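Protein chains in written order, with our numbering: chain L, 26 to 400; chain P, 26 to 400.
Hints in this document: simulated from the structure, not taken from any laboratory. Note that this is a predicted model, so its numbers are computed, not measured. Each residue gets a CB set at the ideal place from its N, CA and C atoms; glycine is no exception. Do not rely on the hints blindly, as some may be mistaken.
[What the hints assert, rightly or not] Here are a few chain P residues that face chain L, going by a calculated C-beta distance under 7 Å:
| hint | residue |
| --- | --- |
| 1 | D90 |
| 2 | Q212 |
| 3 | F244 |
[Unchecked claim] Cut-off 25 Å, straight-line C-alpha distance, at most; resulting in silico cross-link-like pairs (BS3-like, lysine-lysine):
| hint | chain 1 | residue 1 | chain 2 | residue 2 |
| --- | --- | --- | --- | --- |
| 4 | L | K29 | L | K183 |
| 5 | P | K203 | L | K220 |
| 6 | L | K220 | P | K220 |
There are 2 protein chains.
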Amino acid sequence: MKTKVYSDRREKLYDWMTAEHIDMVMFEDFEGRRNPGIRWMTGNPADALLFLSAETRRSFLVPWDSNMALTYCHAEVVYPYSDFDRDPITALYGAASVLKIPPGSRVEIPSVTSYTGFLKYVEEAGDYDIICRNNGAYGEAENFRAVKDEEELLIYRKAAAITNELIDLLEEKVITGKLPTEIDVAQFIEAECRKRGCEGTGFETLAAGAARSHYIHAFPSYTAEPFAGPGLSILDFGCKYQGYTTDVTLTFAKGPLNEAQETMLALTETAYAKALSMVKDGVSARKIGLAVDAIFRRAKKAMPHGLGHGIGLEAHEAPSLSSRKDNTDQLRPGMLFTLEPGLYDARQGGCRLENDILLTEAGPEVLTRARIIRF
Amino acid sequence: MKTKVYSDRREKLYDWMTAEHIDMVMFEDFEGRRNPGIRWMTGNPADALLFLSAETRRSFLVPWDSNMALTYCHAEVVYPYSDFDRDPITALYGAASVLKIPPGSRVEIPSVTSYTGFLKYVEEAGDYDIICRNNGAYGEAENFRAVKDEEELLIYRKAAAITNELIDLLEEKVITGKLPTEIDVAQFIEAECRKRGCEGTGFETLAAGAARSHYIHAFPSYTAEPFAGPGLSILDFGCKYQGYTTDVTLTFAKGPLNEAQETMLALTETAYAKALSMVKDGVSARKIGLAVDAIFRRAKKAMPHGLGHGIGLEAHEAPSLSSRKDNTDQLRPGMLFTLEPGLYDARQGGCRLENDILLTEAGPEVLTRARIIRF
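Next comes chain L alone, as it looks inside the complex (with noise of 0.2 Å):
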């Protein structure tokens, strides 16, 4: 992607900063610590840091592998993490000193910093105004990255259109016997997407056979078990294209069904098609999610986890269309989501119906075409 549909994400940062009255924000991407708020604003993929100056527009990425910082990174200023000890706060003292940010500037640090963390920071790095809170830099490019722009659309048809080839050879391949264990169906995904030019598949693919299917995420993620015999089996996967990852379900179901497993798949259709029928720009996310806890409510059923979630270079980020009483998201064009209704028995088993859905100025766009396949 060119070095200008960075720096001009990085300006949007910039603006915001100013207006904060913030002299320098931190980005963290470190395991237990993932942000790919770095990847979005500078295209390094992995294990960084970066710091944005908004007096002089400039960012100063610290890569803990410098030969992939080389390949990917469209930042000004990189400087290996080794040359700072891999210190978080020895990194922001140099890039201080670098980006030219004096001594009782506002310096705002990770939002995910913890309790003592942030102690921490205080302490040791004293020479400036430390700020750490929530819905700064961090929801702010969070909620820049809910609204995707062109390129990213770009890419993620791309991902979309990997998906959907894969979706129509896995109804083939399954239901004709030639992936009989969920090994296969997972490895068979995880393969096929990578030759297409997939980073990989974007989580770990859970297929789940009609013994596992009433776990949510099944445990183990797929195992040398058959997958799709009689009753309901759930296939969650999802395929991570230039970082961004799609997240779709299938439910195959093989007859003969009994009537209470017929009335969960009914059930979760009729709630999907509800749902999808009451995305449009303004809405509350939250009131989808209760429309939907209310059809499941009626027939005396539960969904145990939420409606959907934005979907881009996370597998779950904003925004939460989850019924819980403190989501206040609403929905937006250039917004990117998924619609996941879902209904699991530990006799039944479980079945679930996942899409992804762009919210264009017309409307909602179905991307991808999962479905529950009855054989």
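Since chain L is already given, all that's left is putting chain P on it; use the hints.
For chain P alone, kept in the frame of chain L given last:
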């Protein structure tokens, strides 16, 4: 595993809580804040909150997936997260009510709680004295987990045996061209370990052919490109058995190699041997890291990552064998950790040799048989 194994582990925490005058502690294992302490203390492998009461010595699990908890969990009380609106503070009040924790009690929340999250607990759970600190319950559980118990070592020996079987198979198949691409190698490991009862690989396998081995962690982790062509190829993987993952790295060195590559391999083997010779009860782990850094420095090279790390329910846990100045860990019998010296050069490629070491009363025992394979 037997219920008593888990209750014995919780007893250690209860004793510690009593000594620390903590009435209730909370553990959290959710996306973005993973903590396998819950699995260690209850058997529940995923997505849950756990509350422990020192006074009544009872545990209260709040799983996201209650079907999962029915199958795996050994806690005394289990309530589904949906009963608490999937909100941690609501769950905390629920746990306090069931476990009979009176207002004013000292309640310790996860040490990783963000600064802003902490403020929310203080505001919304004001009936309790909320404590958040480093070296609290999370640190204590991690210290307990760093020294493996008998049940853990039984499981780990099985994980290591599967890993060693795969190493031998990989050597034969890679050298004879039966696994020509990175995808082939990675999928062979994934399928074969699951067929042998593993939950999967412990982390995404890194299979980097000669064109990509100069990255510490190849990105993407594996591709359709050739593996083990002329030069240096790196294969880093782990087998996860009943939750416990191994972590090994093989280097495949296909000749003819140039002098620079031969030097890299020899230095890596020298560093590995030196590190292993220093492993003993009471030694400073950092000192071993510094000794390896010195070997590389004398050859005008540098290793861009730490020398090793504890392994167990996490691929990276205590102790650390990094040479960072804040590393104060000491090696003790029962600890299980990697040694993984490596060198990376954008022109020559990379090499790394990583094995899993158990420190016993009698000295180090090398559990895995990864090696540099010259062919």
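Results for each hint:
1. At a threshold of 7 Å, the smallest CB-CB gap from P/D90 to chain L is about 5 Å, leaving the interface hint in force.
2. Taking 7 Å as the C-beta contact cut-off toward chain L, the hint placing P/Q212 at the interface holds, the least distance being around 5 Å.
3. Hint status for P/F244: holds, given a least beta-carbon distance of 5 Å to chain L, under 7 Å.
4. Taking the CA atoms of L/K29 and L/K183, the gap is about 21 Å. The hint holds against a cut of 25 Å.
5. A hinted pair counts as satisfied when its Cα atoms are at most 25 Å apart, and P/K203 with L/K220 qualifies at roughly 18 Å.
6. Proximity of L/K220 to P/K220 is assessed by CA-CA distance (about 24 Å); at most 25 Å being required, the pair is judged to hold.
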